Each structure stands twice: as structure tokens, then as C-alpha cells.
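**Student:** Single-letter residue listing:
There are 2 protein chains.
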Amino acid sequence: MSSTVTTKLVYDFSEGSRDMRELLGGKGANVAEMTRLGLPVPPGFTITTEACIAFLRGGREFPPGLREEIDEHLARLEEDAGKRLGDPDDPLLVSVRSGAKFSMPGMMDTILNLGMNDRSVEGLAGLTGNPRFAYDSYRRFIQMYGDVVSGVEKRHFEAALGALKGEVGAAQDVDLTAEDLKRLVGTYKAIYQEHYGSPFPQEARAQLDGAVRAVFESWENRRAYDYRRLHNIGHDLGTAVNVQRMVFGNTGDRSATGVAFTRNNVTGEKGEPFGDFLVNAQGEDVVAGIRTPHPLHDLKGVLPEAFDQLMQTMDMLERTYKNMQDVEFTIEDGRLYMLQTRNGKRSALAMARVAVDLVDEGLVDERESLRTLVDAGQVRQLLLPQLDANSAADPLAVGVNASPGAAVGEVVFTADEAERRGREGHRVILVRDETTPDDLHGMIGAQGILTARGGKTSHAAIVAVGMGKPAVCGVSEIEFAEDGSGMRIAGVAVREGEVITIDGTSGKVFAGEAPLLPPQADSPELLRILEWADRVRTLKVRTNADTPEDATRAREFGAEGIGLCRTEHMFFAEDRIPIMQQAIMRESAEERAGLVEQLRGFQEDDFAGIFRAMRGLPVTIRLLDPPLHEFLPKLVELEVEVAQAKQAGTPDAEKEALLARVHQLHELNPMLGTRGVRLGMEMPEVYRMQAGAIMTAALRVRAETGEAPLVEIMIPLVAFEEELRIMRELVVEECERVLAEAGGERIDYLVGTMIELPRAAITADEIARQADFFSFGTNDLTQTTLGFSRDDAEGKFLTHYLQRNIIPTNPFDTLDRGGVGELIRIAKEKARAVKPHIKLGICGEHGGDPDSVTFCHEIGLDYVSCSPFRVQVARIAAAQAALEEAPVSMA
Amino acid sequence: MSSTVTTKLVYDFSEGSRDMRELLGGKGANVAEMTRLGLPVPPGFTITTEACIAFLRGGREFPPGLREEIDEHLARLEEDAGKRLGDPDDPLLVSVRSGAKFSMPGMMDTILNLGMNDRSVEGLAGLTGNPRFAYDSYRRFIQMYGDVVSGVEKRHFEAALGALKGEVGAAQDVDLTAEDLKRLVGTYKAIYQEHYGSPFPQEARAQLDGAVRAVFESWENRRAYDYRRLHNIGHDLGTAVNVQRMVFGNTGDRSATGVAFTRNNVTGEKGEPFGDFLVNAQGEDVVAGIRTPHPLHDLKGVLPEAFDQLMQTMDMLERTYKNMQDVEFTIEDGRLYMLQTRNGKRSALAMARVAVDLVDEGLVDERESLRTLVDAGQVRQLLLPQLDANSAADPLAVGVNASPGAAVGEVVFTADEAERRGREGHRVILVRDETTPDDLHGMIGAQGILTARGGKTSHAAIVAVGMGKPAVCGVSEIEFAEDGSGMRIAGVAVREGEVITIDGTSGKVFAGEAPLLPPQADSPELLRILEWADRVRTLKVRTNADTPEDATRAREFGAEGIGLCRTEHMFFAEDRIPIMQQAIMRESAEERAGLVEQLRGFQEDDFAGIFRAMRGLPVTIRLLDPPLHEFLPKLVELEVEVAQAKQAGTPDAEKEALLARVHQLHELNPMLGTRGVRLGMEMPEVYRMQAGAIMTAALRVRAETGEAPLVEIMIPLVAFEEELRIMRELVVEECERVLAEAGGERIDYLVGTMIELPRAAITADEIARQADFFSFGTNDLTQTTLGFSRDDAEGKFLTHYLQRNIIPTNPFDTLDRGGVGELIRIAKEKARAVKPHIKLGICGEHGGDPDSVTFCHEIGLDYVSCSPFRVQVARIAAAQAALEEAPVSMA
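Going down the list, the protein sequences come from chains C and X. Just so we're aligned, residue 1 is where the first sequence starts under our numbering, counting upward by one. Just so we're aligned, residue 1 is where the second sequence starts under our numbering, counting upward by one.
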């Protein structure tokens with residue numbers, strides 16, 4: 001805007017179109033489009049976003065020419081209506097609405113009935129013969145204007161309205177008479193003056209200028225600023241202002257107002273349009289829920305002509321926008337007016353149905369549908385039973401939404417009981433203070449998991465996400481009965497065997513059986529969308545799977561290999577952990593190696609099972625990662641036991657020795673301690689055994705199937721090239737030993753590393769020299785880059801940060817592009833500079849998050865890897881990323 | 001080396017000079033220089049480093065022309081000597097030595113007497129009339145050649161020598177007769193053949209080729225590779241090979257061999273040169289310590305002419321090299337030969353003395369002296385009493401060298417006892433399992449601190465470094481007596497009151513009083529060097545100080561402000577911690593604020609004291625940083641107490657409530673938990689109180705002194721711009737409130753942040769928008785970038801990494817340039833791009849490490865900040881960095 005003189009600052013609705021969102025805002029562009037289509041839109045004009053920016057940059061003064069352009073368009077509007085703004089006898093009333101390029105809560109919204117004043121209210125009353133309508137309109141205007149333009153809080157007006165209703169004995173607003181409303185106007189004006197400091201403005205043109213100014217200024221208020229920051233919307237876009245002639249749904253029984261969807265927004269079915277309306281009401285009443293609206297269908301009987309016209313209009317809008325529409329309309333004395341159209345928000349079910357139907361109806365092609373009608377984030381919901389939120393009662397408590405989906409079952413408090421009842425065919429919810437590897441069999445038997453402690457990275461959460469089972473964690477309101485017979489949740493007693501419902505999507509816990517919606521994982525609509533996605537995407541999708549069962553399931557969901565097979569859980573089985581514990585207790589490397597060797601057979605079976613399940617597809621196996629003390633009893637418990645034994649005069653020497661070793665291995669910050677490759681360096685016998693077992697398993701599976709598994713061995717937590725060089729040497733040595741011993745044809749394998757420390761990313765060029773592939777471990781990389789311990793952050797400061805909008809999204813769910821993403825980008829560039837074809841992927845839950853998948857596509861990774869239940873989401877997100885335009889969210 | 005034909009691969013000593021280190025290696029260049037100076041150097045030639053590289057790249061074949069060039073130079077050597085290599089009657093013998101550009105352990109070192117064989121030994125015996133000498137030379141040659149060229153381990157030869165001595169009853173090697181040695185040669189040849197597989201080579205030219213080849217190949221052996229990697233020496237430099245005519249110090253009583261320094265290497269005094277010699281010996285005997293050498297001074301009486309010539313030669317060398325020299329010489333039949341000269345290693349004391357004396361003697365100017373004669377790393381040693389390592393006995397145990405310097409004192413096991421005895425004037429060493437803030441008064445009273453647990457970041461270590469007191473931590477061999485009366489260190493009993501010595505420089509612990517060297521902090525030499533440094537450096541040096549005492553001391557050491565004033569310790573004082581504990585126990589923000597306000601007066605006094613001490617200089621105060629639970633009792637101890645009380649039937653409700661809150665605040669990884677700005681967000685009342693107290697203190701000190709303190713308020717642990725924006729707003733609001741309340745002239749202040757998380761570095765452009773300055777908190781930045789918890793790494797895997805050469809230096813001592821340094825560089829560039837004049841510094845112990853200071857200068861920071869006792873080191877290192885050439889290490 002180098003010169004405001006030559007720039008047009010105001011557009012008549014008839015001058016715009018849907019392509020002018022940037023200049024006219026979303027609302028202005030849509031109203032212009034409807035006008036262009038010849039639909040019955042009350043006339044009006046839009047003040048451009050550029051005018052807003054000029055206003056804000058120019059010391060909050062209207063830019064030169066704006067006032068004149070408004071005058072000009074207003075004159076045209078008055079001429080067209082045959083009424084004048086502020087006319088005492090027959091006033092033109094207008095609405096003023098903000099409308100930025102992107103829909104944006106937090107800005108000033110709507111002022112209706114602008115143009116009312118002490119004299120025109122009388123004129124309107126006389127003209128319409130409806131003084132009640134006139135005073136009702138005036139008092140609404142004073143309140144809205146007071147609230148949004150002059151900052152007089154709504155509650156003052158509402159208190160006065162309540163007081164009046166009490167005084168005259170009116171149950172509802174509609175019970176107030178014209179006389180009552182006239183009195184209320186007086187009271188409202190007094191309130192306005194008291195709180196604002198000067199009388200309510202009577203001059204209509206001043207009212208309009210005030211409203212326009214308020215919309216402009218609302219662009220810079222805190223909530224709007226935060227919203228833009230959190231959604232990466234530019235602060236320099238500005239908002240448009242729409243000024244539109246008022247039409248009235250509240251002039252009598254031939255008037256109405258309503259909202260409608262062009263298709264059922266829950267099921268997605270076409271059938272009849274779907275919506276609500278109220279006779280003799282203004283728009284806000286439908287949304288406010290003060291009166292119960294009627295289903296749109298009934299409008300046919302009340303105002304059949306307007307209904308038919310609405311149906312035709314909606315059909316035309318859907319064809320124009322090639323998307324399900326959500327419209328607002330008003331009928332004034334039998335005549336239909338369209339006030340708004342936009343893409344309609346819909347359920348996951350409806351999303352899939354609409355995406356497929358619009359292709360079948362020929363409105364869009366597959367790619368267009370994928371790009372504009374499919375919301376990858378909603379796909380996840382299709383794969384799990386969901387709480388029917390509309391029918392659910394109030395929850396007992398809300399915890400951390402640790403693993404999505406809903407489950408109903410009998411409460412049990414031990415893993416054994418969960419397993420027992422599960423085997424008997426009962427649906428159970430396992431409730432624990434927190435879970436440990438010892439609870440695994442109970443978690444397998446349960447429908448869902450509920451814990452009193454822990455966040456999204458607690459054992460319960462991680463295992464549940466992996467199993468695709470709902471989990472609610474960290475419900476601090478749970479108090480367990482001392483005798484193990486029951487618990488209280490926020491004071492409500494729940495005994496063993498009683499039924500509860502948990503909703504892992506929202507974190508809510510309900511008493512009894514709440515209504516659930518069934519999963520839609522194999523709905524024909526979803527399967528078609530996935531087919532389209534696979535044709536479009538270039539990013540491969542693998543899965544994180546530690547068992548043949550998970551691997552098989554992920555394969556059914558379309559996984560193209562395993563990106564992360566963790567080996568930790570394999571050591572926790574009942575017949576293995578005592579061996580591992582003994583090994584750790586030994587300080588002699590030789591003795592340790594002997595014990596570790598006892599695990600080799602187990603590991604061979606583990607890996608063989610996974611290779612079989614993933615036949616023909618690559619499998620990345622990560623060597624042992626966690627801190628050693630995870631294999632030992634907990635320090636605090638042991639400390640208490642030892643102290644109590646001493647106190648009782650029966651000291652336990654064996655436990656004391658164990659305690660000493662636990663102390664030795666105890667770490668203040670285990671996340672930053674002896675883990676990953678550091679463990680491999682301290683106990684090389686473990687990595688050696690694992691590498692050998694992998695190769696033996698590969699040979700075994702090749703012998704069975706005739707096809708060699710595609711083996712990728714991954715060393716975790718590398719920070720220095722030298723660490724990887726040494727461990728690679730060890731792994732290769734052992735693999736080659738096994739191959740040489742077996743004779744025959746060799747099996748190729750890759751050795752690579754996880755990039756999960758900032759140093760590894762920053763020195764990726766060095767580390768790449770030792771690696772055949774990189775897998776970005778974004779969970780740990782997020783922890784170290786941000787300095788957030790997930791365990792300590794979630795439910796604590798991170799939750800507060802999200803609540804206070806300090807950060808936009810949980811960085812453990814959606815990749816932090818600015819920090820972690822930038823490190824990944826640096827690493828990719830450095831690695832490819834020395835090894836142009838090094839294979840790059842990410843593992844960690846980000847691999848199943850649509851925004852993160854988009855990022856991975858954009859920077860050119862080869863694959864993402866995520867839990868089995870997110871593979872389908874990732875396939876779609878990868879396709880959408882390939883279509884190079886972020887999908888519109890419709891949740 | 002595009003063409004080997006045109007490249008000269010061999011240089012006669014007379015063709016080179018000291019400037020040709022790159023091509024001829026350090027040794028070759030020095031020998032050439034001595035030749036050029038006309039000094040008596042046995043003739044010889046150097047095969048270039050380029051020949052080595054061509055050999056290694058060319059499939060380990062001598063490059064074309066090399067053999068011919070060697071022939072040619074050898075012929076000249078033979079002609080000059082009038083002897084021929086391998087001649088049976090009068091053989092030329094040569095030495096073969098490696099010599100890379102940088103002195104580098106791990107490569108093949110030296111072969112003497114090359115050219116000996118079964119026939120020439122007889123010739124030599126006949127010619128010299130000294131068969132003992134001839135056979136002694138031959139057996140030495142077989143052993144050296146076998147060991148370094150053919151890989152026959154030395155121990156086989158040594159075993160045979162031992163057996164022979166036993167058999168003939170010889171106490172020392174010199175007791176063996178010619179006949180014995182002749183037999184030994186036979187045995188050695190058999191050993192060679194047995195282990196190498198073919199007979200000892202008799203052809204002298206083949207011996208030479210083998211030796212040259214072995215030197216070339218040793219460039220690529222593991223130890224040499226590791227050394228280069230750790231010292232950032234290019235792998236493509238290659239090593240030169242020096243072939244030199246042998247001269248013999250073992251031909252009789254007019255022969256000798258020795259090493260000498262041009263000045264006293266312990267005191268630095270000029271006086272007489274300083275060294276050792278042996279009559280009738282070969283060079284290796286002096287170093288090997290088999291015979292006790294005589295002081296150089298005695299040579300005057302034995303071989304006066306050679307002695308005088310040596311004195312003149314050394315004087316000339318010192319003038320040529322402008323540095324104290326360390327020479328090797330041999331006297332053959334009364335004639336002096338110089339074999340080697342190099343800059344001599346020296347003590348810290350000698351370093352300072354030599355640096356100053358050489359300026360006074362006019363050999364170098366101040367800048368040259370700073371650049372080439374001062375080792376900043378050694379300066380630290382001058383400031384503390386040091387162990388006299390030459391006189392110390394064997395240590396009882398070795399722990400973590402947590403804080404340098406040595407201390408002697410009576411052992412005490414409680415802080416109270418340390419304080420009591422300290423007040424009585426005793427020197428005490430406080431020994432604890434680990435220290436806590438409760439031990440502070442004891443640490444103040446003690447000479448040094450010894451702990452059984454913890455590393456360089458343990459409470460003991462950090463406090464000791466801050467106090468400039470020696471500390472040895474993590475001595476796991478300490479077992480405390482149950483009754484508190486004593487301990488055992490590695491089995492040796494030490495009772496309370498017994499004297500021990502700790503050496504925080506090396507981590508050693510000694511029984512009794514070990515000999516110490518006194519500190520030299522105000523030696524005139526050091527003060528002069530510091531004056532020079534201040535004239536040269538551009539980097540400012542500040543200090544990390546939390547008390548007026550530390551601030552004052554640092555100022556005496558030349559600190560130009562406080563770069564980091566931690567406020568944590570201020571809360572731990574006896575009269576404050578109960579208030580803080582109560583505040584933390586409250587969940588209501590209002591109640592908390594009330595309690596926190598009780599600390600305001602204390603904080604005002606704290607800050608006023610520091611402002612007074614730093615009058616006229618900037619003071620950066622960091623708002624409260626540590627996790628809240630540091631203020632509460634320890635979880636494990638409390639858990640045990642509560643369990644024991646229950647077991648005893650006397651449950652303690654108050655303790656149980658405390659335990660519940662401790663549980664709530666307990667963190668799995670406190671390093672990555674609710675600390676720093678996150679704490680400020682959770683408990684804004686603390687930051688508000690601190691900001692207000694800072695400003696009130698500043699006003700108070702201005703009123704007293706008439707000069708306003710230079711206030712810089714620092715928010716720690718920021719990861720997101722928004723965190724800093726919010727906290728800056730809060731700080732500014734409170735400061736302005738205090739200023740407005742006080743009236744009068746305002747006091748300016750800066751608000752900035754620590755960059756101590758990778759995300760903060762990566763998004764420094766965003767964060768800089770809210771900051772007046774950045775201080776890189778390199779301790780924490782190292783922890784998160786490398787994923788190393790300092791507490792858990794030191795003494796555990798990090799120690800093993802250092803021992804195994806996986807990383808070159810402790811990244812908590814010397815900045816990891818490749819990872820952490822690169823992040824700092826990125827941050828600096830991003831920050832300066834949006835705010836070209838933003839003030840940048842580092843705090844943390846790296847600020848006192850010479851290499852890290854050099855880095856800070858190189859990338860253009862404004863200042864470094866370090867503990868008071870390292871300020872002088874930093875001043876010198878900053879000057880050396882400004883002189884743009886890394887100083888030569890002389891330790």
C-alpha cells in the first residue's frame with residue numbers, strides 16, 4: 001500500500017468473489033460470492049483488510065479516503081433500501097461484523113441493529129406497528145455496542161435484565177412487554193453512561209465509525225494475538241469489516257432465522273439438509289439456546305416457499321464450494337435471506353462419507369477430495385470406539401488423555417484379576433496407582449487402563465498406545481481403599497467389579513456404562529480414502545512394533561516395514577528378568593557375559609517372530625536402550641524395606657547388598673544417564689548377544705521362507721561419531737561371525753543410529769560417516785532440545801503452558817518445528833552433504849501426527865514410523881503433504 | 001602432490017630449517033635448524049611427510065622415486081662418514097626416527113644402530129677394539145627392530161635377558177661380558193625367528209626400508225589415530241622419517257649421553273643449565289632410569305671441553321628459538337653431538353619466570369611472550385597450593401578431581417565439627433558422603449572437602465570451586481564407620497582428627513601430610529603477565545559471584561563485573577529456608593505470595609551488598625533457578641522415616657503431609673523439570689519479589705554512594721520467546737513500580753536471559769526480540785546438547801569415555817566446540833541478525849577454561865564470566881586469543 005489514494009478500501013458485496021479472501025476476509029468473500037451467484041443476500045459492503053492495516057500502522061487513524069469511500073457505499077446502500085441510517089422515521093439498520101482471512105476467535109464479532117437511537121426506535125415502532133420489536137432491537141444494540149465497542153461488560157446488562165424479569169414476573173425474555181423493554185432501554189443507557197463515562201451515542205454515523213474502529217482494534221487484542229501466534233497466522237494480515245443491511249427474523253410469525261448443514265454433519269448422509277430454526281427470532285437466539293429451536297424439516301410446513309428456496313440455495317452453494325456447507329439464514333416476512341456460508345464442521349464419520357460421496361457425485365476428484373475434504377487428524381477417531389459425547393453424563397473426574405478411544409468394563413485392581421476375568425470373557429478396566437512391567441498380562445486382558453499417577457509417557461500410557469487400548473492416567477482424585485477392595489474417585493466409591501467407562505480421547509472417567517460409538521477402521525469409505533492416499537504419497541510409512549502381533553496388525557493397516565522395534569520389553573518377561581538382574585549385579589564382565597548369553601535363545605525367537613511377520617519388508621531393530629536400574633527394584637521401596645527390617649531387628653543382608661548395587665546404579669536424571677549406546681559401551685556383551693541373535697534369527701527365517709529378512713540394526717543415543725564407530729565395529733564383527741559360522745549365502749544388513757540428541761543432529765555429517773541410516777528419535781530429541789522431561793512436564797508445567805497458550809501444541813504430540821524441526825533440518829542437510837543417499841526416517845509418536853508427517857515430507861525424509869494404530873493416519877497425512885497444501889481442518 | 005616425479009621426497013639435514021615443520025616434521029626441522037646454525041649434528045636426511053602420505057595412499061608401496069632418493073642421500077651420508085651401511089668391516093650405523101608436524105605419542109619412535117648384522121658386528125668389534133660395545137649395540141638393535149618393525153613383543157627379549165643375568169650371576173646389564181652379549185644376540189635372533197617367522201634380516205638396506213615402512217605405517221595405528229582425533233590434528237599430515245648417522249655415547253669413558261634444559265624447568269631460573277648425563281651410555285639409558293644419572297653440572301669436571309661447547313650451544317639455541325630449550329646430546333670420544341632440541345616443558349612457576357625473563361633479556365616482546373611463552377592453563381596452578389608430586393607417596397584412593405589445589409588437614413565428619421575446629425585454628429578436611437546446603441558452614445571452616453559420592457557438579461564440587469577450595473569427590477572406596485567415629489579408605493582406617501591430604505587437581509587422597517607447594521597468586525611475574533594481557537585483550541572478563549566477599553575477591557583478581565550472580569544459595573540460609581519451605585507447601589498463590597514477601601528484606605540486603613562490592617561495574621543477577629523440591633527434605637529419607645514411624649505404631653501425620661507434597665514435587669529428571677523460568681511461571685510471586693528487591697537495593701546503594709549500580713536481570717532456562725516476554729513484563733512492571741514509588745531519577749536496567757537449552761539457541765532470533773542480553777549457560781547447554789547429566793556421567797560413563805579416548809576432554813571443563821559451540825555460533829548469528837548490538841557473554845565454568853575462552857573470542861562474544869579464581873586465567877586466555885594464535889602448551 002504505497003499510496004492510499006489509489007487503493008480501493010471498500011468493496012460492495014457485488015464487487016467481490018470467493019477468491020478475494022485475503023482482501024475481503026473469509027466472511028466478506030463468501031457473502032460476495034453468494035451475491036455474485038444471485039442468491040438473496042442483504043446488500044452491504046466490505047472494508048478491506050488493507051484498510052485495517054493502514055489504520056493500525058497509521059496511529060489508529062482512518063486512512064485517507066476511507067471515510068469518503070464508506071460514505072459513498074453507505075449512500076448506495078441507503079438508496080437501494082430506500083432508508084437512511086439514523087433516520088428518525090424509517091431508519092436503515094445495519095450489522096457490522098469482523099472477518100479475517102482465517103476464521104479467528106478472539107476478535108470483535110458482531111454488532112446488530114446499528115443505527116438505532118432514541119428517535120429512530122420510535123420511528124421503527126411506528127413504521128412496523130411493533131413497538132416491542134423496536135425496543136427489543138434497541139436494547140440488544142445497546143448491549144452489543146456497549147460490550148464490544150465501549151468495553152462495558154455484558155454482565156452489567158444481564159443483571160439489569162434479570163432484575164427487570166424478576167420485578168415484572170417474566171419467566172422468559174419473550175414475556176417482556178414493549179413497555180418493559182422501553183424501561184430496559186433506559187436502564188441500559190444509564191449503565192452505559194455509568195461505566196463508559198459518556199452517554200450512549202445517538203448519531204448513527206458515529207456509531208458506525210466506532211464499530212469499524214473497534215473491529216480494527218480487535219485485531220490486536222491479546223486473544224487474537226495469541227491465536228495467531230499459536231496457529232502461525234501472520235500478524236500483518238489484518239481483518240476486514242462487513243457492513244450489511246439488517247434483515248429481521250423477529251418481525252412476526254412469517255419471519256424466522258436458522259442455521260443449516262447441506263448434509264448430516266454427524267453421519268455425512270446426503271438426504272435432507274440438517275439444521276435448526278426459530279420463528280420470530282433474531283439469529284443469536286438460535287445459537288444462544290434460550291429457546292429450543294425446531295428441526296429444519298419443520299420449516300417446510302411453516303414457510304414452504306422460503307424452505308424450497310433455501311433447499312435450492314444450499315444445493316447451489318455445495319456445488320459451488322465443492323464441500324459440505326454450513327449456512328445461516330433469516331426469513332423476513334416470508335422472504336429468504338442468506339447471511340453466511342462456510343465449510344461445515346463435521347464428525348469423523350461424516351468427514352469420510354462426504355469425502356467419498358462428493359467424488360462419487362462427480363463434484364471433486366480423488367486428489368481434490370484428499371486435499372480439501374479429508375482431515376487426517378479425524379481419521380484416528382474412526383479406528384477406535386468413541387464416547388458418544390452427546391449422550392454421556394457428567395464425568396467423575398478428568399485425568400490425562402493418555403491413549404485415545406473409550407472403553408467400558410468392570411473395575412479390577414490387580415493385573416492377575418484383570419487377566420482372570422478377561423479370560424472369562426468379562427470386559428474389565430484395570431485400575432492401578434501406576435503400572436509396571438509386572439502388570440503387562442493384566443493390561444493385555446483389560447479393555448482399558450486407568451491410573452492415579454503418570455502422564456503420557458508413563459508405562460501405562462506408552463503400553464496402551466502401543467496396544468491401541470484406551471487409557472486415562474494421572475487421575476489424582478483416585479484414593480485406593482487400604483484393603484484393595486475398592487477406591488473412591490473424587491469421593492464417589494467404586495468397588496471391584498463395578499462398571500465404569502473411561503474416555504482416553506478426553507481423559508474423562510464416568511460411573512457406569514456410558515454410550516459408545518463403534519470403530520470404523522474398515523469402513524469402505526476409509527478404505528477408499530486410503531487407496532487414494534497410497535497413489536499420491538511419496539513418504540513411506542512404517543510402524544513401531546515390538547511383537548509379531550503388533551507387526552502383523554500394523555501390516556494390515558498398511559505399514560511398509562518396522563521403523564522401530566524396541567528390545568526393552570523383551571527383557572522384562574518373567575523367565576528373563578531374573579537373568580538380567582543377576583547379570584547387572586555382577587561387576588565382572590566375564591560373569592555378566594555368561595548370564596547375558598543365556599538370553600540369546602530367547603532373543604533369537606523374538607526376532608525370528610518379527611521377521612516372519614514382516615516378510616519382505618525392512619525391520620529396524622534398536623539395541624537395548626533404557627538405564628540399567630530399570631531392571632532392578634525401586635530404590636525407595638528397597639530403602640524402606642531394609643530400614644524396616646533393621647528396625648524390626650531382622651536385617652536382611654541379601655537385600656542390603658541389592659540396595660547397595662541399586663544405589664550405585666541410581667541416577668539423578670536417568671534420561672541423561674547411562675542409556676543407549678552408553679549402556680552398550682559399559683556392557684558390550686549385551687549388544688553383541690543381540691546382534692548375533694538378530695543375524696541367527698534372520699538366517700533361520702530365510703531357511704524357512706526362502707527369503708532373507710531386510711535387517712536394519714540401530715544403535716540408540718549416539719552423541720559422538722566415535723561411539724557409533726566402536727559399536728558398529730562390534731555389531732559387524734558379531735554378525736559376520738554368525739554368518740561365517742553358518743556358511744552359505746550371506747545376508748546383507750544395515751547398521752545405523754537414532755538421532756535423538758542435539759549434538760547428534762548438529763554433528764550429523766560426522767556421524768553419517770559411520771551410519772547406513774538415521775532414524776530421528778523425536779521423543780528424546782524433543783526432551784533434550786526443549787529441556788523438558790516428558791514425565792515431569794506433562795500434568796505439570798507443560799500442561800500449564802498449554803493452558804496459558806505459551807506454546808501452541810504439546811511438543812510431544814506435534815513436532816516443534818522451530819526448535820526440534822530445525823535441528824532435524826540441519827541434520828538432514830549435513831548428513832546428505834556427506835552421504836547423499838543415506839536413508840532417513842523418524843520414529844516416535846510424531847510419526848503418526850499429521851502436521852509432523854507433513855514436516856517430514858517437506859524436508860525430504862524417506863519414511864515415518866508410528867504405532868500400528870496411527871499408520872492409516874500417517875498414510876493420509878503423507879498423501880496430503882504430497883498434494884502440497886495443508887488440509888482444511890473440519891473437526 | 002599431483003606428480004611424484006617433480007616432488008623432492010628426501011631432504012638432507014643441511015637443506016632444511018625450522019620453518020619446514022610441515023614437510024620435515026618437528027624433529028626433522030629442528031635437526032635441520034641446528035645443522036644450519038653450524039652446530040655439531042650428526043649428518044643425516046629426512047624423508048618428507050608427503051612421501052608418507054603417498055605411501056599410505058598408494059597401497060602401501062614406496063612412491064616412485066623414493067627408493068632412488070634414499071639411495072642418493074644414503075650414498076652422500078656414507079661418503080661423508082667414510083663408511084658404508086652394512087659394511088662387514090667398518091659399518092655405518094644409523095638411527096631411524098619418526099617426526100610428525102606435531103609431537104605425537106603412539107607412533108613408532110626410534111630405532112638405533114640400524115645396519116648391524118652378523119658380519120658387521122664383528123667388524124665393529126675389531127675396529128673399535130670393543131667387542132662388548134659391538135654386541136651390546138647389536139642386541140639392542142635386534143630388540144628394537146623386532147619390537148617396532150616386526151611386532152615381536154619386547155617382553156620376550158626382556159625375559160631372555162633376565163634369564164641370562166640369572167644364569168651368569170649379573171646384577172646389572174653392565175655386568176654382562178662381551179661373551180655373554182654374544183650369546184644373547186644368538187638367543188635374540190632365535191626369538192625373532194620364532195615369533196616373526198623368518199630370520200632376522202641381515203641386509204642393511206632391507207633393514208632400512210623395513211624401518212621406514214614401519215614409521216610410515218605407524219601413522220595409521222590406533223593410538224596415533226586416537227591422539228590425532230582427540231587433539232584435532234589432521235589425519236592427512238603424515239609423518240616424516242629421520243635417518244641419522246649414529247654417534248655413540250657408549251664407546252668408553254670419554255663418551256657420554258644426556259638431556260638438558262637451558263633454564264631450571266622447575267623454578268625458571270637462568271643460572272646454570274639443568275640436566276642429567278651418563279658416561280659410557282646410549283641415550284635411552286638416561287631416560288630408562290636403569291642407572292642413576294649425574295647432574296649436568298658434574299660434566300664440567302669429566303669432559304670440560306664438551307661441557308663448554310654444550311653451554312654455548314644451548315645459549316645459541318635459546319636465542320634462536322626464543323624459548324627455553326630441552327636438548328639431547330651425545331659425546332663420542334670427547335666430541336659433542338647435538339641430537340635434538342625442542343621447547344622445554346616446565347612448571348607453572350618456571351613458565352611465568354621464563355616469560356618475564358625473556359622479555360627483560362630482550363629476546364621477545366610482551367606480545368610474543370604472551371603468545372609463545374605463557375600457558376594460560378598453567379596459570380591456575382599458580383593460584384593454589386599444589387601437591388609436590390615429586391615428593392608425594394602413593395595415594396590411598398583416587399576420586400573425581402572436583403576442585404583444584406591441594407589441602408592438608410584433620411579429618412572431621414560433620415559440618416559442625418569442621419566449623420568448631422576451624423574456629424580454633426585447626427586445618428580440617430570435611431569428609432561427607434555427599435554435602436548439602438546444611439553443610440555450608442562446615443565447608444567454610446574447612447581447608448578442603450572430600451566426599452564419597454558425586455561428581456564435578458555435586459554440591460560439594462560447585463561450592464568448593466566457588467570458594468576456591470580443593471575438593472575430591474566421588475571416592476567410592478570410602479566406607480564410613482557406623483558410629484561416625486571414622487572411615488576406611490580402600491581398607492585403610494582413618495579416625496576423626498587424623499591428618500590426610502587431598503589433591504583436588506588430580507583427585508588423589510593421601511594418608512598423612514603430603515608436601516605442598518605454596519600459591520603464587522601475587523608473584524610479580526604473574527602480575528606483569530596480567531598487565532600485558534589486559535593491554536591486548538578485547539574480551540571482557542566477569543566473574544560468577546553470589547556474595548559480596550566473592551565479588552570483592554574477584555574484583556581484586558581483575559573481574560570487570562558479575563556475569564552470573566546466582567540467587568539460590570540466598571534462600572538456603574537458616575533464617576530463610578523455613579519460610580521458603582512453608583511457601584512451597586502452600587497451594588494457594590496468595591498465601592505463598594505473603595510468605596515470599598517475608599524474604600524481600602533479606603534479598604534487598606543480599607543485592608545491596610553485591611552492588612556495593614561491584615560499584616561502577618555491571619552485575620547480572622539470575623532469578624531463582626533450581627527445582628522446588630531442592631528446598632524440601634529428601635524423598636527417600638522421609639519415606640523411610642514415615643514407614644518406620646508407622647511400623648513403630650507412632651504414625652506422624654505432619655510428616656506424612658510433608659511426604660505427600662514432596663511426592664507431588666518429586667521429579668524423575670529434575671534437570672529437565674520445573675526449574676528456571678518454569679518456576680517463575682508457576683510461582684510468579686518469587687520473581688516479582690526478587691525483581692523488586694533488586695531495584696530497591698539499587699536505589700539504596702545509589703543513595704549511599706551517589707552512583708547507580710549497573711543492573712542486569714537475567715531469566716534462566718528460557719526455551720520459548722513467549723516465556724521471556726511474560727517474565728520480562730512481570731520484571732519490568734515490578735521494577736517500574738519500585739522506581740515510581742521511590743520517585744526521583746530513574747535507574748536503568750537490562751533484562752535478558754540465559755541461553756542454556758538447544759531450543760533457545762536454535763530460536764535465538766525470536767528470543768532476542770525480548771532480551772537486552774544473552775548469557776550462554778554452557779553447563780546446562782552441555783548437559784542438554786549431549787544428553788549428559790553431569791551428576792550421573794562424571795565418575796561413571798563419562799569417565800570411561802575419557803579413559804577410552806572416545807571424547808577428547810571433559811565437555812564440562814572444555815567447551816565441546818563441535819556440538820555446544822556450534823549451537824552458540826548459530827545463536828550468536830541469529831541474535832545479531834535481529835539485534836546487532838545485543839550483549840553476549842557466557843557464564844559457567846567454561847568461562848575460565850583457556851580453550852573455551854579462545855572460542856568465545858573467536859566467535860565474537862562480548863565477555864566471559866567465571867569463578868573468581870579463574871578470572872586471571874581468563875584474562876590471559878582472552879589476550880592470547882586476541883593474538884590470534886593458540887599458545888603452545890608447555891605443561
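Hints in this document: simulated from the structure, not taken from any laboratory. Please note that the accuracy of each hint is not assured.
[What the hints assert, rightly or not] Non-contacting residues of chain X with respect to chain C, defined by C-beta distances greater than 12 Å in every case (computed): (1) L658; (2) H666; (3) R725.
[Unchecked claim] Result set (DSBU-like, lysine-lysine): computed pairs, CA atoms no more than 30 Å apart in a straight line: (4) C:K165 to C:K189; (5) C:K835 to X:K655; (6) C:K634 to X:K154; (7) C:K8 to C:K83; (8) X:K83 to C:K796; (9) C:K830 to X:K830; (10) C:K300 to C:K322; (11) C:K796 to C:K830; (12) C:K796 to X:K835; (13) C:K655 to X:K830.
Computed from a predicted structure; not experimentally measured. Just so you know, even glycine gets a beta-carbon here, dropped at the ideal spot from N, CA and C.
**Student:** If a hint holds in the structure, say so; if it doesn't, say that too.
**Tutor:** Now for the hints, and whether the structure bears them out:
{"no.": "1", "hint": "L658", "in the structure": "holds, 15 Å"}
{"no.": "2", "hint": "H666", "in the structure": "violated, 9 Å"}
{"no.": "3", "hint": "R725", "in the structure": "violated, 9 Å"}
{"no.": "4", "hint": "C:K165 to C:K189", "in the structure": "holds, 18 Å"}
{"no.": "5", "hint": "C:K835 to X:K655", "in the structure": "violated, 60 Å"}
{"no.": "6", "hint": "C:K634 to X:K154", "in the structure": "violated, 51 Å"}
{"no.": "7", "hint": "C:K8 to C:K83", "in the structure": "holds, 25 Å"}
{"no.": "8", "hint": "X:K83 to C:K796", "in the structure": "violated, 86 Å"}
{"no.": "9", "hint": "C:K830 to X:K830", "in the structure": "holds, 19 Å"}
{"no.": "10", "hint": "C:K300 to C:K322", "in the structure": "holds, 26 Å"}
{"no.": "11", "hint": "C:K796 to C:K830", "in the structure": "violated, 36 Å"}
{"no.": "12", "hint": "C:K796 to X:K835", "in the structure": "violated, 34 Å"}
{"no.": "13", "hint": "C:K655 to X:K830", "in the structure": "violated, 55 Å"}
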